[in-house]
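**Student:** Chain by chain, the residues run as shown.
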Amino acid sequence: DTGVSQDPRHKITKRGQNVTFRCDPISEHNRLYWYRQTLGQGPEFLTYFQNEAQLEKSRLLSDRFSAERPKGSFSTLEIQRTEQGDSAMYLCASSLGWAGAGTDTQYFGPGTRLTVL
Amino acid sequence: GQQVMQIPQYQHVQEGEDFTTYCNSSTTLSNIQWYKQRPGGHPVFLIQLVKSGEVKKQKRLTFQFGEAKKNSSLHITATQTTDVGTYFCAGAGGTSYGKLTFGQGTILTVHP
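These protein sequence lines are chains A and B, in that order. Residue 1 is where the first sequence starts when you use the working numbering, and the numbers rise one by one after that. Residue 1 is where the second sequence starts when you use the working numbering, and the numbers rise one by one after that.
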């Protein structure tokens, strides 16, 4: 399967714990995005990378959230001191992206469902 | 900030009936993308519209982008049970080329 993969698919944690999610984009896709989706809502943008550079962060992304893409391939999203309000599906997407392309087609992974007890 | 509104929130149809969902943006978009999400699944890309007034068809699905590039619609002719799911529009615009702003989605239920 050459699509976007995410790990783990499900995560249950206790309030106050730290969690880390991983996303592997489609090979050769330069752009990688993180979104959060709660029940009954559309995905909400969190942040995106062009290669290893983090180009934009949403105001939704509090100081407890950090994302990295150190080598321009896979990415990690860490949530520190989790709160019950962090419970959601965390979606990763990737796109080809090239200079001047604007927004190109984003392909989504299966998501990581986080439950904070 | 940019907002994308989508109506209706829910639509129940009998198999064979048509279905339309509408999307409106608070700002002019550079392009709009449509996604389908099955229950328990993730968003799957359907199409991207870029040009003002653009119309694209995929079999029974017709997508339109408004002249002002602020609204869009998806029309499905003669729905089938396989069309069940949530349809999202997602707009890109302004100076934020990477960010998609999603609508709330329209949940389509098709009764056989």
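Just so you know, these hints were derived from the structure itself, not from any lab. Be careful, since some hints might not be right.
Only pairs whose alpha carbons sit at most 27 Å apart, straight line, appear in this in silico DSSO-like list of lysine-lysine [said to hold, decoys possible]:
#1 59/B with 36/B
#2 57/A with 70/B
#3 36/B with 70/B
#4 57/B with 36/B
#5 11/A with 36/B
#6 14/A with 71/A
#7 57/A with 36/B
Interface residues of chain B toward chain A, partial, derived using beta-carbon atoms under 10 Å [said to hold, decoys possible]:
#8 4
#9 8
#10 28
#11 42
#12 53
#13 100
#14 102
Simulated DEER-style distance windows between Cβ atoms [claimed, not checked]:
#15 111/B with 40/A: 18 to 24 Å
#16 39/B with 84/A: 23 to 29 Å
#17 41/B with 66/A: 25 to 31 Å
#18 77/B with 113/A: 33 to 39 Å
#19 9/A with 8/B: 39 to 45 Å
#20 12/B with 54/A: 25 to 31 Å
#21 85/A with 40/B: 19 to 25 Å
#22 16/A with 47/B: 42 to 48 Å
#23 41/A with 68/B: 23 to 29 Å
#24 59/B with 15/A: 45 to 51 Å
#25 20/B with 9/A: 32 to 38 Å
#26 12/B with 38/A: 42 to 48 Å
#27 77/B with 38/A: 40 to 46 Å
#28 74/A with 40/B: 21 to 27 Å
Virtual Cβ for every residue (Gly too), placed ideally from N, Cα, C.
**Student:** Now look at each hint and say whether the structure bears it out.
**Tutor:** Taking the hints in turn, this is what the structure says about them:
{"no.": "1", "hint": "59/B with 36/B", "result": "holds, 15 Å"}
{"no.": "2", "hint": "57/A with 70/B", "result": "holds, 24 Å"}
{"no.": "3", "hint": "36/B with 70/B", "result": "holds, 20 Å"}
{"no.": "4", "hint": "57/B with 36/B", "result": "holds, 15 Å"}
{"no.": "5", "hint": "11/A with 36/B", "result": "holds, 25 Å"}
{"no.": "6", "hint": "14/A with 71/A", "result": "violated, 31 Å"}
{"no.": "7", "hint": "57/A with 36/B", "result": "holds, 25 Å"}
{"no.": "8", "hint": "4", "result": "holds, 8 Å"}
{"no.": "9", "hint": "8", "result": "violated, 14 Å"}
{"no.": "10", "hint": "28", "result": "violated, 14 Å"}
{"no.": "11", "hint": "42", "result": "holds, 5 Å"}
{"no.": "12", "hint": "53", "result": "violated, 19 Å"}
{"no.": "13", "hint": "100", "result": "holds, 6 Å"}
{"no.": "14", "hint": "102", "result": "holds, 3 Å"}
{"no.": "15", "hint": "111/B with 40/A: 18 to 24 Å", "result": "holds, 21 Å"}
{"no.": "16", "hint": "39/B with 84/A: 23 to 29 Å", "result": "holds, 24 Å"}
{"no.": "17", "hint": "41/B with 66/A: 25 to 31 Å", "result": "holds, 28 Å"}
{"no.": "18", "hint": "77/B with 113/A: 33 to 39 Å", "result": "holds, 34 Å"}
{"no.": "19", "hint": "9/A with 8/B: 39 to 45 Å", "result": "violated, 31 Å"}
{"no.": "20", "hint": "12/B with 54/A: 25 to 31 Å", "result": "violated, 42 Å"}
{"no.": "21", "hint": "85/A with 40/B: 19 to 25 Å", "result": "holds, 22 Å"}
{"no.": "22", "hint": "16/A with 47/B: 42 to 48 Å", "result": "holds, 43 Å"}
{"no.": "23", "hint": "41/A with 68/B: 23 to 29 Å", "result": "holds, 26 Å"}
{"no.": "24", "hint": "59/B with 15/A: 45 to 51 Å", "result": "holds, 47 Å"}
{"no.": "25", "hint": "20/B with 9/A: 32 to 38 Å", "result": "holds, 34 Å"}
{"no.": "26", "hint": "12/B with 38/A: 42 to 48 Å", "result": "violated, 23 Å"}
{"no.": "27", "hint": "77/B with 38/A: 40 to 46 Å", "result": "violated, 32 Å"}
{"no.": "28", "hint": "74/A with 40/B: 21 to 27 Å", "result": "holds, 25 Å"}
Of the numbered hints listed earlier, those contradicted by the structure are 6, 9, 10, 12, 19, 20, 26, 27.
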